[in-house]
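2 protein chains.
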Amino acid sequence: MINETETEISTLGEFGLIEHITKGIELKNESSVKGIGDDCAVLDYKNKETLVTTDLLLEGIHFDLTYTPLKHLGYKAAVVNFSDVYAMNGTPKQLTVSIGVSKRFTVEHIEQLYAGIRLACENYGVDLVGGDTSASVTGLIISVTCIGEGDKDKIVYRNGAKDTDLICVSGDLGSAYMGLQLLERERSVSRDSSDDFHPAFEGREYILERQLKPEARQDIIEALAKAGVKPTAMMDVSDGLSSELMHICKQSNTGCRIYEERIPIDYQTAVMAEEFNMNLVTAALNGGEDYELVFTVPLTDHEKVAAMKDVKIIGRITKPELGYYMETRDGAEMELKAQGWQAQW
Amino acid sequence: MINETETEISTLGEFGLIEHITKGIELKNESSVKGIGDDCAVLDYKNKETLVTTDLLLEGIHFDLTYTPLKHLGYKAAVVNFSDVYAMNGTPKQLTVSIGVSKRFTVEHIEQLYAGIRLACENYGVDLVGGDTSASVTGLIISVTCIGEGDKDKIVYRNGAKDTDLICVSGDLGSAYMGLQLLERERSVSRDSSDDFHPAFEGREYILERQLKPEARQDIIEALAKAGVKPTAMMDVSDGLSSELMHICKQSNTGCRIYEERIPIDYQTAVMAEEFNMNLVTAALNGGEDYELVFTVPLTDHEKVAAMKDVKIIGRITKPELGYYMETRDGAEMELKAQGWQAQW
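Residue numbers (the numbering used here), protein chains in the order written: chain X, 1 to 345; chain F, 1 to 345.
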């Protein structure tokens with residue numbers, strides 16, 4: 001599989017590989033005191049609180065390299081962790097990345113992966129400060145930890161939603177999931193096709209990008225701050241809206257009521273759902289990997305959030321005994337279920 | 001492989017498994033504001049600096065479950081990260097653990113792994129504050145990140161060693177490596193033996209424990225503080241003394257000279273090396289996984305470190321042009337080489 005223009009990792013060794021992929025990294029944040037090159041990274045958050053989140057991404061479980069470019073994968077692995085820090089109303093500042101790679105990967109592959117990671121860091125103002133590299137028996141393993149900062153009185157947890165609060169969501173939902181369906185279908189088709197197979201991706205760029213290169217909603221966090229709105233509870237949508245909303249309600253001891261007609265869905269998502277003969281609302285509620293923000297605000301902030309670009313009010317928080325419900329377009333009630341993405345054990 | 005008394009992970013699912021293994025976890029450190037259960041853990045280090053270190057441990061590369069009990073593995077995975085924080089002259093405070101597990105693992109297996117992790121956290125006063133769980137295609141994957149704190153003026157880097165500084169090392173070296181050799185041999189023997197095979201471990205408990213259940217040298221850090229000694233440079237010995245010492249010298253722009261007769265070696269290590277017909281000093285210099293501390297102190301601290309229990313002065317820092325050398329017992333000079341443990345790519 002390794003051709004002449006590619007370099008086997010064994011030619012560099014572990015220390016050589018680390019040196020190679022971390023070349024030219026500069027620390028830009030004041031809080032990054034010491035990055036790669038010691039037993040620990042050293043950070044100084046002064047009077048801010050420290051936020052820590054971590055994700056493990058495994059080939060064959062979380063990603064499929066037949067249709068995921070390594071640069072996109074690196075970008076996404078970093079961004080989904082930034083998203084968790086924004087979901088606390090914080091700012092991501094540092095990242096550590098550990099990788100395990102099998103013999104089928106070359107130095108050039110790892111370069112592409114890190115090109116994506118470094119681009120994400122650059123775009124979001126985050127410093128790469130550490131990690132670990134290792135051989136793996138099989139496949140690619142990526143473990144990412146993001147550290148960020150937040151003001152003590154501005155950090156938003158999941159447990160602060162109150163009865164009558166408005167439920168808001170950024171962007172649109174279900175598009176990343178429909179992008180995944182499209183990629184999976186084209187992969188199946190390509191297997192049965194001749195060599196000059198061209199996947200049917202035209203006009204579907206948006207949903208593909210949502211799946212392969214998602215962005216974290218730093219802009220929404222900034223807009224909320226600018227508008228003087230502090231959400232009472234917030235999460236990012238990684239497992240699907242239903243699942244996340246139920247986390248907020250359970251931890252806040254509340255119920256919720258959302259309205260189908262208000263759930264933001266992109267045109268391409270709707271077209272794809274029809275093509276696949278899938279229920280569009282199910283995709284939006286349970287699809288996952290949207291990395292949008294779902295948050296609750298007091299009723300008194302109604303005007304402020306209603307005026308915000310790319311934010312939609314989709315319902316309200318209720319008393320706990322009222323349960324978790326969606327009102328459908330035809331006025332029926334549907335109970336929400338946490339059918340979010342779950343790995344197959 | 002799963003018998004009647006064991007529970008398949010699929011019966012719990014991802015969220016159920018997380019709930020199960022994190023049951024009863026209490027946060028004990030003042031700096032742990034919020035642990036498991038939100039998008040991020042929240043820490044408050046006030047006027048201290050934050051230390052971050054991370055390790056990726058892969059089955060078949062870093063550990064072999066035919067002779068590694070899961071509880072020991074969990075303990076070791078946590079402790080080796082604490083060791084990195086002590087090596088900065090800091091104190092570990094929080095831990096995140098992500099695991100990927102294949103279908104051959106049961107809930108009971110994961111319980112054992114976490115029993116070890118939680119025991120290590122208890123012994124070292126560290127809070128488990130987050131992580132990620134996932135299915136894996138094959139084998140067990142463990143990713144650990146440790147966060148700790150340090151006083152700005154007390155953190156010790158690798159780059160502060162000065163000409164004439166004394167080189168000190170805690171405990172003894174090479175024992176974990178000889179323990180590994182013994183385990184590997186007995187595994188080979190057991191394969192060719194009948195069912196009632198009993199490995200020849202008697203009288204070798206010390207080197208086995210050094211390999212399977214290492215401890216981090218918190219006691220040495222405390223003793224140094226008590227004695228009023230701040231090392232000029234420090235690392236923990238994970239890749240072998242030679243490799244670590246060369247890291248210190250390169251980053252400090254110095255040379256070094258150590259003395260073979262002063263390198264601390266345990267009796268069991270020496271016996272095993274003879275039995276295996278291996279060079280004892282090579283095992284001590286390059287064996288790795290000792291998790292002892294190697295550090296340098298100014299000459300003026302000579303009396304203080306000489307009086308410290310379980311610390312040995314093994315040489316001194318020299319000018320960079322003098323290179324990295326060991327004086328052997330017979331007075332010859334041997335150049336040090338970084339032959340530390342390297343994964344096979």
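The set of hints was computed from the structure by calculation and includes no laboratory data. Don't take every hint at face value.
[Stated by the list, open to error] Output of the computed footprint for chain X on chain F, the stretches with three or more beta carbons under 8 Å from beta carbons of chain X:
#1 34-46
#2 181-187
[Claimed, not checked] With a Cα cut of at most 30 Å, we get these calculated DSS-like pairs of lysine-lysine:
#3 X:Lys152 x F:Lys23
#4 X:Lys28 x F:Lys103
#5 F:Lys250 x X:Lys23
#6 F:Lys230 x X:Lys48
#7 X:Lys48 x F:Lys337
#8 F:Lys152 x X:Lys154
#9 X:Lys23 x F:Lys28
#10 F:Lys154 x X:Lys48
#11 F:Lys319 x X:Lys152
#12 F:Lys250 x X:Lys28
#13 F:Lys152 x X:Lys46
#14 F:Lys319 x X:Lys48
#15 X:Lys46 x F:Lys319
#16 X:Lys162 x F:Lys230
#17 X:Lys226 x F:Lys46
#18 X:Lys103 x F:Lys337
[To be verified] To list a few chain F residues with every Cβ distance to chain X over 12 Å, as calculated:
#19 Phe15
#20 Gln94
#21 Arg158
#22 Arg257
#23 Ile263
#24 Thr328
Predicted, not measured: the structure shown is a model, and the values here were computed from it. We treat Cβ as the ideally placed atom computed from N, Cα and C, and that holds for glycine.
Hint consistency between F:Lys319 and X:Lys48 [alpha-carbon to alpha-carbon, up to 30 Å]: violated, 42 Å
Holds or violated: F:Lys230 to X:Lys48, with C-alpha atoms at most 30 Å apart: Within the cut-off at roughly 28 Å; holds.
Distal placement of F:Arg158 relative to chain X, Cβ over 12 Å: Given a closest Cβ separation of 5 Å, the condition is violated.
Pair hint F:Lys250 and X:Lys23, alpha-carbon separation not exceeding 30 Å: Between F:Lys250 and X:Lys23 the Cα gap is close to 17 Å, so the pair holds against 30 Å.
Holds or violated: F:Lys250 to X:Lys28, with C-alpha atoms at most 30 Å apart: This hinted pair holds, its Cα atoms lying about 25 Å apart.
Assertion that F:Ile263 lies farther than 12 Å from chain X (Cβ): Given a closest Cβ separation of 22 Å, the condition holds.
30 Å Cα cutoff - pair X:Lys103, F:Lys337: The given pair, whose Cα atoms are some 26 Å apart, holds under the 30 Å limit.
Agreement of F:Lys152 and X:Lys46 with the hint, judged by alpha carbon distance not exceeding 30 Å: holds, 11 Å
Hint consistency between F:Lys152 and X:Lys154 [alpha-carbon to alpha-carbon, up to 30 Å]: Judged against 30 Å, a Cα distance of about 26 Å means the pair holds.
No chain X beta carbon within 12 Å of F:Thr328's: holds, 26 Å
Distance restraint between X:Lys152 and F:Lys23, which requires alpha-carbon spacing of 30 Å or less: holds, 27 Å
Annotated coverage of the segment 181-187 of chain F by chain X, confirmed only when three residues or more have a Cβ within 8 Å: violated (count 0)
Consistency note: the structure conflicts with the earlier hints numbered 2, 4, 7, 9, 11, 14, 15, 16, 19, 20 and 21.
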